[in-house]
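Protein chains: 2
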Amino acid sequence: MYICYLVYIIVMITLTEENYIKAIYHLGNYGKDMVNTNAIAEVLNTKASSVTDMVKKLADKEYLNYKKYQGVKLTKNGINIAVNIVRKHRLWEVFLVEKLNFTWDEVHEVAEHLEHIKSDKLIDELDAFLEFPMYDPHGDPIPDKNGKFNKIDKIALLQAEIGTQYKCIGVEDTSTNFLQYLDSNSIGLGTTIEVLHKEPFDNSVKIKLNTTEMVVSQNVAKNLYLKAL
Amino acid sequence: MYICYLVYIIVMITLTEENYIKAIYHLGNYGKDMVNTNAIAEVLNTKASSVTDMVKKLADKEYLNYKKYQGVKLTKNGINIAVNIVRKHRLWEVFLVEKLNFTWDEVHEVAEHLEHIKSDKLIDELDAFLEFPMYDPHGDPIPDKNGKFNKIDKIALLQAEIGTQYKCIGVEDTSTNFLQYLDSNSIGLGTTIEVLHKEPFDNSVKIKLNTTEMVVSQNVAKNLYLKAL
DNA sequence: AATAATTTTTAGACTAATCTAAAACTTATT
DNA sequence: AATAAGTTTTAGATTAGTCTAAAAATTATT
Ligand SMILES: [Mn+2]
Ligand SMILES: [Mn+2]
Ligand SMILES: [Mn+2]
Ligand SMILES: [Mn+2]
Chain A
860 MYICYLVYII VMITLTEENY IKAIYHLGNY GKDMVNTNAI AEVLNTKASS VTDMVKKLAD
920 KEYLNYKKYQ GVKLTKNGIN IAVNIVRKHR LWEVFLVEKL NFTWDEVHEV AEHLEHIKSD
980 KLIDELDAFL EFPMYDPHGD PIPDKNGKFN KIDKIALLQA EIGTQYKCIG VEDTSTNFLQ
1040 YLDSNSIGLG TTIEVLHKEP FDNSVKIKLN TTEMVVSQNV AKNLYLKAL
Chain B
860 MYICYLVYII VMITLTEENY IKAIYHLGNY GKDMVNTNAI AEVLNTKASS VTDMVKKLAD
920 KEYLNYKKYQ GVKLTKNGIN IAVNIVRKHR LWEVFLVEKL NFTWDEVHEV AEHLEHIKSD
980 KLIDELDAFL EFPMYDPHGD PIPDKNGKFN KIDKIALLQA EIGTQYKCIG VEDTSTNFLQ
1040 YLDSNSIGLG TTIEVLHKEP FDNSVKIKLN TTEMVVSQNV AKNLYLKAL
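Read top to bottom, the protein sequences are chains A and B. Position in the first sequence (first residue = 1) + 859 = the working numbering. Position in the second sequence (first residue = 1) + 859 = the working numbering.
Hint data in this document are derived by calculation from the structure and do not stem from the laboratory. Keep in mind the model is a prediction, meaning the values are calculated, not measured.
Same chains, same label: a pair holds when it works inside one copy or across any pair of copies.
Straight line, CA to CA, 27 Å or less: simulated DSSO-like cross-link-like pairs of lysine-lysine:
(1) Lys-1004 x Lys-958
(2) Lys-1086 x Lys-1013
(3) Lys-958 x Lys-980
(4) Lys-977 x Lys-958
(5) Lys-958 x Lys-1007
(6) Lys-1081 x Lys-932
(7) Lys-1026 x Lys-1065
Using the sequences and the hints, build the whole thing.
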């Protein structure tokens, strides 16, 4: 006589684990590259030793591959989880801006929390309610329910050519400080930008906007994404 | 020479603490009555010893008053926190039903998570977006941004009088099972109900709906709230 | 190739939230 | 008033996530 046990092991993923997976996804170029311990520690504001501990746990759960001293790389499963968190994060950001009168500099922090709410129905209905937006308020693409999205091709202002006409299509840094700086200089998604001069001394960039000219620092130029018109 | 230090101690409240405070609020009749350890343990699915530990912490933080063996009672501050969580919970429930096509039996679980998102702007804008709803999908009143709400007066079907015409205005139990039972018997908020007979043997109640008659168990009769027409 | 600098891991400790089992206290029953 | 039953608290562990400080491994520099 045979007794057959069918055991479902429900692996709950914690909020902290989700944050690590998301960080590794972003640091590792959509999960494709190896990511090292210190880099993770820096973006998550923890210590390297904490990262080592967590990374072992995530390897146990097969969200990533880990070999001592060699850094980590997400598995297929890990990437799926990361993409789903990114989807939720960006959809919530759209919701906050489109429906609740948030400005683009206010949404990221709240979305950091909302992205961890677990309900497929919630997120798919939210997606439909927002009419399946393709981009979030910072110009980042939103994965669909199957995880598909367009990796838009963009260059940082720092790499832009003198004389070419560009359109601003995204930002790297989504901090309130940076976004409010852009607001106060009338730079936003869709703004037309032309590079007039690149200063080799400090890598600052002189640009021409619709009506005005201004100089932005290297830091700004690194964090602003453009597309040639 | 005097040196004056102004120290802000930011007291973060954890998700777990919030759940305890909310449970104590509901168990203690809007925070007015003493609540005992076992009751808290039961609704939160924990052990009495865990409750004792947490209750000491909440007393330290002055969310409640606690004397050994005497149970706990929320402070004014504790009640404010509870009311705010209830506000968030119920507003999210309205959002899910009104905007995202959730049914009334699907919302409670998700709202249990959404209620812990901390952003005043988020919740006040949500309130406005929903056009300041007064009641949630289960007939419960929604506190406004100052914590004010109408304690609606309602009686359980079990206490209703024979012959009087009532309207269904709320439910006690918000579980999927109970709400789907009501759905399948065409009972919802606004349904007209008349008591035809109360069976002393098992406390079941025979009721008349719009077109049909049916018998409901004591358990159902306890969990359905009515108002005389 | 040896040494120095940097990165990563281990060892051991801490906090929040939980548990079991036993002790202490309160309330109900005889 | 004594005993029994029930409730609550304590004591001691456990797990998740974090930390500091020291050890080990890797990488860069001489
Ligand atoms: Mn964001
Ligand atoms: Mn974004
Ligand atoms: Mn609810
Ligand atoms: Mn409700």
